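S.K.: Protein chains in written order, with this note's numbering: chain A, 1 to 115; chain B, 116 to 973.
What the hints contain is simulated information worked out from the structure, not anything from laboratory work. Given the structure is predicted, the values throughout are model-derived calculations rather than measurements. For each residue, glycine too, the CB sits at the ideal point set by N, CA and C. Any given hint might turn out to be false.
Derived CB-CB ranges, DEER-like [claimed, not checked]:
(1) B:P121 to A:A62: 14 to 24 Å
(2) B:N232 to A:K56: 51 to 61 Å
(3) A:F63 to B:R506: 28 to 38 Å
(4) A:A82 to B:R506: 36 to 46 Å
(5) B:I575 to A:A18: 50 to 60 Å
(6) A:P68 to B:I575: 50 to 60 Å
(7) B:R506 to A:K56: 31 to 41 Å
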Amino acid sequence: MRRSDLGEFEEVVLLAVAALAPLAYAAVIADELEKETKHSVSTGAVHAALQRLEDKGYLSSAFGEATPERGGRRKRLFEITAFGVRTLTETRTIRNNLWDRILPGVFSKIGLDLS
Amino acid sequence: MRICAPHVRETVIGDLHERYALRATRVGVEKANYFYIKEVLGLVRPSIIARKNSSPQSAFFNFDMLANYFKTATRNLSKNTFFTTLNVFGLALGMSLNLLFVAMIVFMYRFDNFHPNKEHIYRVITHVRDRHENPSFASVPIGAAQLLNGNFAGVEKVVRIHQSLPRNVRYAETKIPLNGYFVDAEYLSMFNFPLLQGNAATSLANPNTMVITEAAAARIFGKKDPMGKLISIEPYGDVMITGVAKNMPKNSHLKAEALVSFATLTSHHGSSFTDDEKNWNNFYNSYTYLQLSDNLSPSVLEAFLNGIAKEKYTKPEFQASFELQRFDKIVPGPELDNDMGNEWSYQEMLLMGVLPMIILFAACSNYVSLAISQSLKRMKEIGVRKVMGARKRQIFIQFVMESTIIMLAAVTLSYFFFEMIRRETLSLTAELDWVDLNPTLGLFAGFLAFAILVGFVSGIVPALHFAKTAPVLALKGKEQQTKTGGLFSLRKLVITLQFILSLGFTFAVLVMGQQYQYSINYDFGFKQEKILNVDLQQTDPQLVKNEFGKLSFVALISMSSHPLGAGKVPGLHVKRVASPDSIDASTMAIDENFITNMGLHLVLGRSFTNNAGENSRLIIINEVFAKKLSPDDASGAIGQVVILPDKREVSVAGILKDFHYASLQSPIGNFFFEYAPEKFNYANFHLQSTNETHAFSEMEAAWKSVGKGEKFKAEFLADQIRNAYSFYNQIMKMWGFMGLLAITIACLGLLGTVVFTVKNRVKEVSIRKVMGASSGSLVYLLSRDFIVLLVIAGVITIPGVYLLMELMLSEAQYYNAPIGAFEIVISLAVVLALGLATIFSQTLKAANTNPVDNLRME
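Next comes chain B alone, as it looks inside the complex:
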């Protein structure tokens, strides 16, 4: 009888019986029965007699139990060495990319954590409502800072940052790239960027003063003392170094090499630079940081600024509001336009995590499916535990712990993979060179937390599966779901999904490779061999021409503003005299030799001549443009007058056969060549020599006389074009690595499942063999199910990825190669071959063993 709580059961039932006897004598058996039943039913109410737990309440984390779980887990793992190794290896591979991601997150959350008063710093950001995109800017109109300075008692410091510092400075006639911005003097006291030399309070107080970092100082001045040296910055003139700062750490969105005093800007441009009303419509370049005291709430300032905004932006189609962004919410933070450069948003972080997560998901599903398929062996253990009084929760914890141990082992192994791919990944794109993923204590803590989290999450499925088994079934060694086949479908689903993933990546990588080959071998409509583009770097084009013309191996020299066919050319609007509509067109500036040099084919009219004065009034257009100017007859375009954006009137001298002036990503549009020596950036040498090293040393010698101390920079046009498509290489590298991971994980999972199935059917196979089945038919029997899965994966993936890639390519590149049967066949062959090899390696072994070995026991 389990009517009520055990500790009161004896007396309660005794009392009921006694009263039953009393009532039976007094009012008769029937009424006594009635009351008895009523009262027993009345007991079924937990509120009347509170039911206490029969077993003593166990703490959630009982140390002894945990130690026991740990022991069983390690014993069980070491008993199944094969599956454990498979799991750990697969998971470690899957985790390696995620560790990069975790490292990235840890790095992000360490951003700007070294400023002592970071809790009090805010950045003013702007939200624009313009009825289109409603962008949010990290920058503010420059006047906003002025209003806050001195108007509020709690505003301790206001620092303006202006990003208009030129990228290059000059020292002793050498051009040096320098990355920096203009700041107010209080910058150095608001942020923790200590000075090694100079006074933090006064270094940036005066016009034309600047602070540079140690590294920049070493780069510019070598071992010489930088203090007091003059650097020339256009158009501000000479700027004196008044301080040397310690190198700024990578984990700051303010990272820079040079800080120039804001007073430089104001003294050069005059006070209108900050005070002009027109500045309220300019959000670019200018940033404002505030340091507030404890007793001033940022919302008060926001209200004040938004009051101002209402006065400044009166048009309903352009409104703006301001917000004070907490310093620690900048990186990672919301996506903002026009940020300081070194900033990452939540969205970008999320995007970065998607692919690693998919790979990890594949690895974890392997673990889950293998763990559940081994449940047959574990059932006895679970049954005994349950009979001894283990609760569902305790079984659950046991299995979650087991998966956590596996994950910890995997993360340890994965760390080595992580070390291997870390540098490779960071060198993949130049955008990542500010990332610092060197191991720190925080990073290890992040990895540990990650392993425990993954262990818990992936442990849930097997843990629930075991926890819910009924003890009797478990003791009998029966799996409760074998009959329904639900488990088998989970296993099959996992394998199929993994092969879909592997096949998808392989296919995509092959398609990318094909696009790359197609692009660099494409007929652009001009000669790209043997053309060497030399960066002119402020030298006089005529001098270069004279100097290099003397070299015997340079057959022809032309000048151009851009390398032809690589990257983008500037677009502009031109007008015809007759029509008010403007025409979209792209242009390049060239000289009279360019068309011959590049082997461009003139269809009609003539090329530029030696007469520079006449040339500047002429343009040479392509067929598309000619068609636009004179739709019926191309020859009608010759002589037509076109007005350029700078109001120059030029007439069409010649028409060129269409060629790819820009990269293959965009279609051929209206294009014209103009003659504008002031726009020349490259000299195009047509080389004849075969001995490149010799040619280069001679050219470097020739450059010395014209180069004004700059380095000789030259690249072959073919290489430049190749580089323009290097993003395909990057994608291939990245996806290729992921494909490799996916295939490895899929094969490991398949291997585990096949081994398990074969083990379970070893008796069946032996009996069949004794009865006369051939090896071939047994292999077929064992492999059939898995081969079907691979075929399903292929059938699903190929059309899916095909459509996806078609869509992506048509977006990414106008002139793309159609995806051919070759890619499909190769990717299918590679993945299927690996999958089949995995299956047959096991099934062949099983089919060829001596049946006596397996049947002897019976």
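One chain only, chain A, in its complex shape:
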């Protein structure tokens, strides 16, 4: 298995970009993640993740339109690349396979019910 250089937060950001397409940019992504995780997510962290993902080739970006609340500054809209999609799918497959291999009794034994 090729070691995927996709961190956990990066993976979430990448998924968010895919989910929010075609209008995915840092502010919305951060806001969306805040809603989903119920934790505060800093814009800077998202920016960094986006930049890294773009450097790695999972994302591509282009300038979007400017809005008044942005002080007339343009957005940078992100879009997932084919390589990004493939990496996401691979990661998902690995996870799914592992989930499938968990024997039914394992979790219930420690008093958890996930069904």
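Take the given structure of chain A and dock chain B to it, following the hints.
M.R.: Same frame as chain A, now just chain B:
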């Protein structure tokens, strides 16, 4: 806003604002403010958003920029012709000595670089631990080579060198000085000294064979073919020439004129010469060179040899270890005792470089101080450059380049000075005649590298000064440090230091000159005029006496072993019969006429007589010795019996008034004359003739009948004594030259600074003059600061150098002249006069110009 890198700034700030708006509606303005501030602060982390350079990354050496720097540098230099000439000239002077030093270094590093297998050659050296000095020798006990020969698979060649070859050889009854040593036959294949005649493999294989160089062959045999000729070498007998080698180059520590086969030594002395166990305590004369194959590490051999050393040196107070010294680390290399002669160590090189470096430092500090003082003019240029986006580094490179250009110009000019002083320096002492400083490509490369290095180093200070100026201040034309006065103190410091240096050298040269005059005019306690010392050179003293006694102008002839009062006389230990303690004494052998001839004054007792048999049992002592023998009453010394080192018992016949038998460097000690005709080296003629050329031709004619074909060698005693102090002349020459350089450089620097200051104050001076100031008061105003500097230099230098010279003289010469006020006054006068002339030449001019010329512009 410069929160983050410019290329992402727009989106990042836009996003922040957008989220602020979102949060403000959702959670209220206060919380939104809080988050906003937090996130903005969070951006101040280079690791989160990597910041890229706003301007394109420029290469360190961008050709276009360099070309531009070159252009500005040359323009700027040609604009300030006066300062450029001053700088280049001063630096060229300062560099001239350094070029000699660089040439020397280049010469050293070319040592022995012509041997094809030099990487594989090693020399075995010895480190002795004797609890005192722990010397390291370049030589090894002779047995070491024997052990390595054949014992190791990787040792390809072992060559022994023995330095015991006599300095003189004989050919057809003529004595000829020949410089050489004994070597093994493989010497010629290990080192690259090609033979012109003879076979390299066999020439030195047999006893009593030798190889000489072309030059030596020409000197001994003239045009005759040297091959097969016999030369007589004591005590080995006739040695046959079996090869003629090309002259050995000067850059080899093995340089010699003659190589005699090692077999000569072994066949003469027998095998005990190399095999005797006692030889392990003898480190002198014997050297060992090895050629190793690639697969044998020298450390293996060292371990083996040190194992042997442990067996041989069992006493704890005398231990020795061996080391294999790489061939290319011999010259220049570590300081070793008992080296092959033609060797230079790192320490000697360093010592040689100290004085030139001081002079160069003075010249460079001139450059730095002048460059910075001109900064006022350059500020606008720097300001514009900075505003246009020049980095500190680029300004730095620009100024370093400028100084490098100056240095290159200076080194070019300096090369002419170098050519002028090269021969003079080499002829200064005989020790330097093996040095070859003829220009080669390597030498020029060395000079170039030197100029670039000096340019870089001396460019650093002005470059940093300019690079750190703030652009706004620079554009306003303000110098940032004028207010603090820091710059002025640098300039003043430079001038003061240079004058200290100049004054120090001048003073020291004058003191040396005074010592020289004092020494040669000193009353030695005997007559030195009209005494001609003739070198006897193996002739029979009696024959010389008879032959020259016939000449009318020779009034009296005496014999002696040494010239009196010049150089050293041998020291020895004598004993008294009564006391077991030995006494240090010096001695000379003389005949019965010597005391009269030299005008020595006999205090007590009698001189030698005509009775040779009786004379040999007598000595004549000086007062110091008499005092030692009989402390209370000098007359008690007469008749006392003294035992000489050769067990002869002699009794004191007479006591002489003290006189300087040796040079003035050492005090008068115990001294005695003995009568020993076999030790005579000189005949002392007392001449009466005034016509010297006539006398000399007659003496040469007389010499022909006794001289056995040698040349007539004679010198006046006064000249010999004078020569014994010629080292003062050499020091004066050397220091005098450096003093000249120092003074010139100091005056150039002073001139530059004065011109600059006067230029800056030209308006002030003009206004003062219009207001009614007199020329005199203006000159005083302008010169005051500089005169203070000269006075400070004088106050510091004179006592400092005085103490230093006192200390040195008391070490160097026991009977020295006290340093007088004369030297102080003269050196102060010379240096101050030059300094003041420099100052007044400019200030007078400034004070006497028509003020209207300078004020018209306003």
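S.K.: So does N232 (chain B) sit 51 to 61 Å from K56 (chain A), Cβ to Cβ?
M.R.: holds (57 Å)
S.K.: Do the beta carbons of P121 (chain B) and A62 (chain A) sit within 14 to 24 Å of each other?
M.R.: holds (19 Å)
S.K.: Could you see if the CB distance from F63 (chain A) to R506 (chain B) stays within 28 to 38 Å?
M.R.: holds (31 Å)
S.K.: Using the C-beta atoms of R506 (chain B) and K56 (chain A), is the stated range 31 to 41 Å upheld?
M.R.: Holds: the Cβ-Cβ distance is about 32 Å, inside 31 to 41 Å.
S.K.: P68 (chain A) and I575 (chain B), beta-carbon distance inside 50 to 60 Å?
M.R.: The hint (50 to 60 Å, Cβ to Cβ) holds, given that P68 (chain A) and I575 (chain B) are roughly 55 Å apart.
S.K.: Lying within 50 to 60 Å: is that true of the beta-carbon distance I575 (chain B) to A18 (chain A)?
M.R.: Once the Cβ atoms are compared, 57 Å apart, the range 50 to 60 Å for A18 (chain A) and I575 (chain B) holds.
S.K.: Can you let me know if the beta-carbon spacing of A82 (chain A) and R506 (chain B) is within 36 to 46 Å?
M.R.: Hint holds: Cβ distance 42 Å, inside 36 to 46 Å.
Violated hints are absent here; each numbered hint is respected by the structure.
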